[in-house]
Amino acid sequence: MEVFGLLAGGFATALQPINIAFLFVGVTLGLVIGVLPGLGGTSGVAILLPISVVIARGDIAGADTTTAVILLAGIYWGALFGGVITSILFNIPGEPWSVVLLFDGFPLAKRKGKPGLALTSSFLASFVGAFIATVLFTLFAKEIADRALAFGPPELFAVFVLSFATLVGLGAESPLKALAMLAMGLLLAAIGFDTITGSQRLIPFAGSEFEPLRNIQINLLAGVGFVPVTIGLFGIGEILASAEEQGIGYMEKISAKLGFKDLLEALGALRKRWFLVVSNSLIGFLFGVLPGHGATAASFLGYGLARQYAKNKEDFGKGEISGIMGPQATADAAGVASLVPMVTLGVPGSPTSAVIMAGLFVWGLQPGPLLFTEHSTFVWGLIASIYLGHFLTFILCLLAVPLLASIMRVPYAIITPFIVVISIIGSYSLNNSMLDVAFTVIFGLVGYWLRKMKYPLAPLVVALVLGDSTERELRKTLIAGAGNPAFFFSSTLSTVVMILAAIVLILPLVGAVRGRLRRAGVAADDTD
Amino acid sequence: MWRVTGKRFVTILGSVMLVATACGGGAAAPSPSASVAASPTAETMTQPTKPIEFVISTAPGGGSDIYARAMAGIIEKNKLSPQPVQPVNKEGGSGAVAFTYVYEKKADMHYIMITLNSFFTTIITQKLPYKATDFTPIANMALDPFFLWVNDDSPWKNAGDFVTAAKAGSISVAGTGSKQEDEALFRRIEDTMKTKAFTYIPQTSGATVAAALAGHQGGVNATVNNPSEGLPFYQGTNKKLRPLCAFTPESPKTGVYTGLATCASQGIPIDDYYIMRAIVAAPGLTPAQQAFWVDVFKKVYDSAEWKKFMDDNALNPDFRTGIDFRQFLTRYQQVHQDIATKFNWVQ
Amino acid sequence: MGTAAAIALIAAVAMFDSRAAWSPVRGTAPGDVGASWYPFWTAAVMGLAAVGVAYRALVLPQPKAGVFASRASVVAVLNLVLPMFLYALSFQWLGFYLATGLYMGFFAAYLGRYRFYWIIASAVITPLAIFLLFEVGFRLLLPKSIFYPGIPF
Numbered sequence: 094m095e096v097f098g099l100l101a102g103g104f105a106t107a108l109q110p111i112n113i114a115f116l117f118v119g120v121t122l123g124l125v126i127g128v129l130p131g132l133g134g135t136s137g138v139a140i141l142l143p144i145s146v147v148i149a150r151g152d153i154a155g156a157d158t159t160t161a162v163i164l165l166a167g168i169y170w171g172a173l174f175g176g177v178i179t180s181i182l183f184n185i186p187g188e189p190w191s192v193v194l195l196f197d198g199f200p201l202a203k204r205k206g207k208p209g210l211a212l213t214s215s216f217l218a219s220f221v222g223a224f225i226a227t228v229l230f231t232l233f234a235k236e237i238a239d240r241a242l243a244f245g246p247p248e249l250f251a252v253f254v255l256s257f258a259t260l261v262g263l264g265a266e267s268p269l270k271a272l273a274m275l276a277m278g279l280l281l282a283a284i285g286f287d288t289i290t291g292s293q294r295l296i297p298f299a300g301s302e303f304e305p306l307r308n309i310q311i312n313l314l315a316g317v318g319f320v321p322v323t324i325g326l327f328g329i330g331e332i333l334a335s336a337e338e339q340g341i342g343y344m345e346k347i348s349a350k351l352g353f354k355d356l357l358e359a360l361g362a363l364r365k366r367w368f369l370v371v372s373n374s375l376i377g378f379l380f381g382v383l384p385g386h387g388a389t390a391a392s393f394l395g396y397g398l399a400r401q402y403a404k405n406k407e408d409f410g411k412g413e414i415s416g417i418m419g420p421q422a423t424a425d426a427a428g429v430a431s432l433v434p435m436v437t438l439g440v441p442g443s444p445t446s447a448v449i450m451a452g453l454f455v456w457g458l459q460p461g462p463l464l465f466t467e468h469s470t471f472v473w474g475l476i477a478s479i480y481l482g483h484f485l486t487f488i489l490c491l492l493a494v495p496l497l498a499s500i501m502r503v504p505y506a507i508i509t510p511f512i513v514v515i516s517i518i519g520s521y522s523l524n525n526s527m528l529d530v531a532f533t534v535i536f537g538l539v540g541y542w543l544r545k546m547k548y549p550l551a552p553l554v555v556a557l558v559l560g561d562s563t564e565r566e567l568r569k570t571l572i573a574g575a576g577n578p579a580f581f582f583s584s585t586l587s588t589v590v591m592i593l594a595a596i597v598l599i600l601p602l603v604g605a606v607r608g609r610l611r612r613a614g615v616a617a618d619d620t621d
Numbered sequence: 608m609w610r611v612t613g614k615r616f617v618t619i620l621g622s623v624m625l626v627a628t629a630c631g632g633g634a635a636a637p638s639p640s641a642s643v644a645a646s647p648t649a650e651t652m653t654q655p656t657k658p659i660e661f662v663i664s665t666a667p668g669g670g671s672d673i674y675a676r677a678m679a680g681i682i683e684k685n686k687l688s689p690q691p692v693q694p695v696n697k698e699g700g701s702g703a704v705a706f707t708y709v710y711e712k713k714a715d716m717h718y719i720m721i722t723l724n725s726f727f728t729t730i731i732t733q734k735l736p737y738k739a740t741d742f743t744p745i746a747n748m749a750l751d752p753f754f755l756w757v758n759d760d761s762p763w764k765n766a767g768d769f770v771t772a773a774k775a776g777s778i779s780v781a782g783t784g785s786k787q788e789d790e791a792l793f794r795r796i797e798d799t800m801k802t803k804a805f806t807y808i809p810q811t812s813g814a815t816v817a818a819a820l821a822g823h824q825g826g827v828n829a830t831v832n833n834p835s836e837g838l839p840f841y842q843g844t845n846k847k848l849r850p851l852c853a854f855t856p857e858s859p860k861t862g863v864y865t866g867l868a869t870c871a872s873q874g875i876p877i878d879d880y881y882i883m884r885a886i887v888a889a890p891g892l893t894p895a896q897q898a899f900w901v902d903v904f905k906k907v908y909d910s911a912e913w914k915k916f917m918d919d920n921a922l923n924p925d926f927r928t929g930i931d932f933r934q935f936l937t938r939y940q941q942v943h944q945d946i947a948t949k950f951n952w953v954q
Numbered sequence: 012m013g014t015a016a017a018i019a020l021i022a023a024v025a026m027f028d029s030r031a032a033w034s035p036v037r038g039t040a041p042g043d044v045g046a047s048w049y050p051f052w053t054a055a056v057m058g059l060a061a062v063g064v065a066y067r068a069l070v071l072p073q074p075k076a077g078v079f080a081s082r083a084s085v086v087a088v089l090n091l092v093l094p095m096f097l098y099a100l101s102f103q104w105l106g107f108y109l110a111t112g113l114y115m116g117f118f119a120a121y122l123g124r125y126r127f128y129w130i131i132a133s134a135v136i137t138p139l140a141i142f143l144l145f146e147v148g149f150r151l152l153l154p155k156s157i158f159y160p161g162i163p164f
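Residue numbers (this note's numbering), protein chains in the order written: chain A, 94 to 621; chain H, 608 to 954; chain G, 12 to 164.
Worth flagging that the hints you see were computed from the coordinates, not collected in a lab. Just to be clear, a hint being listed does not mean it is correct.
Between beta-carbon pairs, the in silico distance windows are [as the list claims (entries may be wrong)]:
1) G/Phe27 <-> H/Gly874: 43 to 53 Å
2) A/Phe104 <-> G/Phe96: 51 to 61 Å
3) A/Gly576 <-> G/Ala23: 20 to 30 Å
4) G/Leu59 <-> A/Phe104: 52 to 62 Å
5) G/Leu69 <-> A/Val606: 21 to 31 Å
6) A/Phe582 <-> G/Trp33: 21 to 31 Å
Beyond 12 Å from chain G on every Cβ pair, some chain H residues (computed) [to be verified]:
7) Lys686
8) Lys764
9) Thr865
10) Ile877
Partial chain H-side listing against chain A, Cβ under 8 Å, derived [to be verified]:
11) Pro667
12) Ile673
13) Ala677
14) Glu683
15) Glu698
16) Ser701
17) Thr707
18) Thr732
19) Pro736
20) Thr815
21) Ala818
22) Pro839
23) Gly843
24) Asn845
C-beta: ideal position from N, C-alpha, C; glycine also.
The shape of chain A in the complex, shown without the other chains:
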């Protein structure tokens, strides 16, 4: 097949020493960026754009635009892997797409004392997800990207409804409390500037002339970012909760076994879940190709699906490995896939790929269909580097696991303020905004209190992350259909996904009602 010849050529390009060297630099930087909360793959790539210009211009012997894109994409791969490290060890999302790893990653590391296993599982899932996505990228990039264009508001809205449907009841002992949290997340997401009408929403004391308040209001127009809120709810909230639980000097016994055993255990877990990981990778790829939606939304859908398949739903949120592998495979596959529309159509699939695309512009390349024909070496060098980059990242991560896991044994009086410092710098560096720092501190207290009052935090976070896009697609659909609800079913695709979502929503209810009836029947029998 022609593809394999081109791919072999790509490997020849990517394996040149200079390209391998920059790939190594890229993924290492990406890992560091991924670990730091707030500083994300998007800004990491943006910061290195000027350097990439120098590289692309050929100032360094042997380097060219391919080297430059390998460096930038390498940062993305590193960040896709690295974000989970902070989630798992500190309960702070290192990257937007590792928010969902808070639900099960941290519990497995902390409550079950297996940080090594949690890390290794997520790295393994990342690797598999990325590998599957890269193979699909290699074989079907153009065809899939063309199909993805037809994915409009009604279809997207249907997918978001499906995501919500799979996540309903997450971590809920009380459905009413879960519902209140879900609505609170949606409400927080609605704060600020409404992109459809351009009006301001839920801005406190709008119209006030009081100067300091006006500054807060204008900053609020940008909306409440989910990263600062999640850092507060989970990171700070957890610190406060564990301080209360165990007082001073609370360190738990962290599993001492490190390294190889974790890998074997994670491989065993993967073998039991291969169907989940493969299917989630496929879904992640399809989701990632859609323009404008990246790994973050995909990771939530991945978590929801993992939970939906599972027989042991009640284990989710307490350190279930499926809750780590499922979303992580989806997120990484979506991350790789987000380069597909960028390369083939000139439409970025995610914020990070948007910055990489900016790089292409600055280097004088025009992203789009002509890249494949006019800059074939560039495209295939990039594709080959995705394989190599993920392999390299995976090895680096595995080697680092023992070191990372031992962080959890750092003394309390150092690690606690350190987590606070990381949280606060993380939320500041996201947008250089002090308001975000305030959100982190405030939601730290709110999260602590809600946790104490047994309100589940996961629904709030899910709604906050997905709320904006869901509302936007809903309203775009309504506008496009001039208010006619039939427009939601205007395509076969949206109809199918909507029906799926309805089934997912209704099935557990039917099951619950049946269970209750049966229990009632049993109880009645007993008393007779």
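For chain A, the structure is supplied; the task is to place chains H and G on it using the hints.
For chains H and G alone, kept in the frame of chain A given last:
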């Protein structure tokens, strides 16, 4: 909010020592520390003395972001500034966050910003407490023209067909954001040609606007994308979109769009509306400070890299500074004010 | 109970803020439900759920227990919360680096009761590492103290 702009707090807290914060502080202190006085004060400095923040009002990867980073790269490569120029994204609120941030840095030459038409529309529709003309104007670096785009298989062959269809029934169109430049242009067409109201579906970025049209997402049938945004769908074997006409006084003379008819020649008399790619600085800079930045961006404009960049992205070269640029800003402010009033955009 | 009431209150405020959902002028396009529709109804759902939670708390028998297990746990939480507040507030005067150094040092001294050289190490290494990573490595500017540029941080 707690972003404190220097002096007041310096005077209040100048002498608060490290320990004092823990006790709450609050002792009134006489003067800024001596070391600050040793460096030139804000008024007398004519050269930046610390890294410059180049504020971008869109997210990384957005239109402005690409332009700003290209310029920052040129400044860095040619050593045009004694201090590094660092792009900083302050996205959100359709630019309101970035504008306010720079506005608060009054008389500080270390804050410059790249702007586009949201600099007018957002300030007007969000009723922000300042005007675009309050900022220190530096230079316009290029004008990004609008084309009228339809699908390649669309029955409309020219602007006349489009207008006829738009008079017969409401056409679904897509554009970037709500009450921003794309919608402003569509509303102008609506107003000038007396068509039925367009069904305007706002998107999140220029690239997704083109994708929405290419995929007929939600029944979208036309856009007013910039040439660079439409390019990936126009070139190559897999052509999906084609431009009907350009909202410019003359047809493009070079590049892939050579010979594209002007909209005015096809009956839509709008040829004066562009996206500006302009640089402004914090309000209240001294003439010498303003001159420093004008000089830097003049050199950026004259560089071969910028020439190539404009060429690659089908931008109209258009360098304006001084009184010329000021008049341009005033005129655009008026254009947007008129549209906002006419279509009741300010609530 | 109190929490549920607070949530219901927030819901009420948000619903009031979004009362435009009932206004006949909706959005700019035909078919658009307008900006206020969505926040109004999510707030309504949140309020109803909170009322439900409060109702259950009133009706169902509750185990009698204080919110906090003991005085010690309150102290443990406040030990964390108060320095965190001071730390976040002090940025505007001390900048990130000075504030972080003081904060780390305070914990090492107060909670850790470490020897003075550990305290100094913790207070110096953390901000230094952040400085190297952010300002030197990624060229991201973090807020500086009011003494800047007299001292370089």
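Taking the hints in turn, this is what the structure says about them:
G/Phe27 and H/Gly874 have their C-beta atoms about 50 Å apart, which keeps the hinted 43 to 53 Å range intact. At roughly 55 Å, the beta carbons of A/Phe104 and G/Phe96 sit within the given window of 51 to 61 Å. Take A/Gly576 and G/Ala23: their Cβ atoms lie about 29 Å apart, and the range 20 to 30 Å holds. Evaluation of the 52 to 62 Å hint for G/Leu59 and A/Phe104 yields a pass: the beta carbon distance comes to about 59 Å.
Between G/Leu69 and A/Val606 the C-beta distance comes to about 26 Å, which sits within the given range of 21 to 31 Å. Range check, A/Phe582 to G/Trp33: Cβ separation about 28 Å, and the 21 to 31 Å hint holds. Chain G leaves H/Lys686 outside its interface by the beta-carbon criterion, the shortest separation being 16 Å against a cut-off of 12 Å. Separation of H/Lys764 from chain G is adequate, the least Cβ-Cβ distance of about 28 Å exceeding the 12 Å criterion.
With a least beta-carbon separation of about 36 Å from chain G, H/Thr865 lies farther than 12 Å from that chain, consistent with its non-interface assignment. Non-interface status of H/Ile877 relative to chain G is upheld: no Cβ of that chain comes within 12 Å, the nearest being about 21 Å off. Because the beta carbon of H/Pro667 sits about 4 Å from the nearest beta carbon in chain A, less than 8 Å, this interface hint is met. A hinted interface residue such as H/Ile673 counts as satisfied when its beta carbon comes closer than 8 Å to some beta carbon of chain A; here the least separation is about 4 Å, so the hint holds.
Of the supplied interface hints, the one on H/Ala677 holds, with its beta-carbon coming within about 5 Å of a beta-carbon of chain A, less than 8 Å. Among the interface hints, the one on H/Glu683 holds; its C-beta lies about 6 Å from the nearest C-beta in chain A, closer than the 8 Å criterion. A distance limit of 8 Å between C-beta atoms decides the matter here; for H/Glu698 the minimum to chain A is near 7 Å, and the interface restraint holds. Checking H/Ser701 against chain A by beta carbon gives a least distance of about 6 Å; that is within 8 Å, so the hint holds.
Taking 8 Å as the C-beta contact cut-off toward chain A, the hint placing H/Thr707 at the interface holds, the least distance being around 5 Å. A cut of 8 Å between beta carbons decides the hint on H/Thr732: the least distance to chain A is about 6 Å, and the hint holds. Nearest Cβ of chain A to the Cβ of H/Pro736: about 7 Å, under the 8 Å cut. The hint holds. Annotation: interface hint on H/Thr815 holds; nearest CB of chain A at approximately 5 Å, less than 8 Å.
A hinted interface residue such as H/Ala818 counts as satisfied when its beta carbon comes closer than 8 Å to some beta carbon of chain A; here the least separation is about 4 Å, so the hint holds. Interface restraint check for H/Pro839: the shortest CB-CB distance to chain A comes to about 3 Å, inside 8 Å, so the restraint holds. Evaluation of the H/Gly843 hint against chain A yields a held restraint, the C-beta minimum of about 4 Å falling below 8 Å. The restraint placing H/Asn845 at the interface with chain A holds, with a minimum CB-CB distance near 5 Å, inside the 8 Å limit.
Going through the hint list in order, the structure satisfies each hint without exception.
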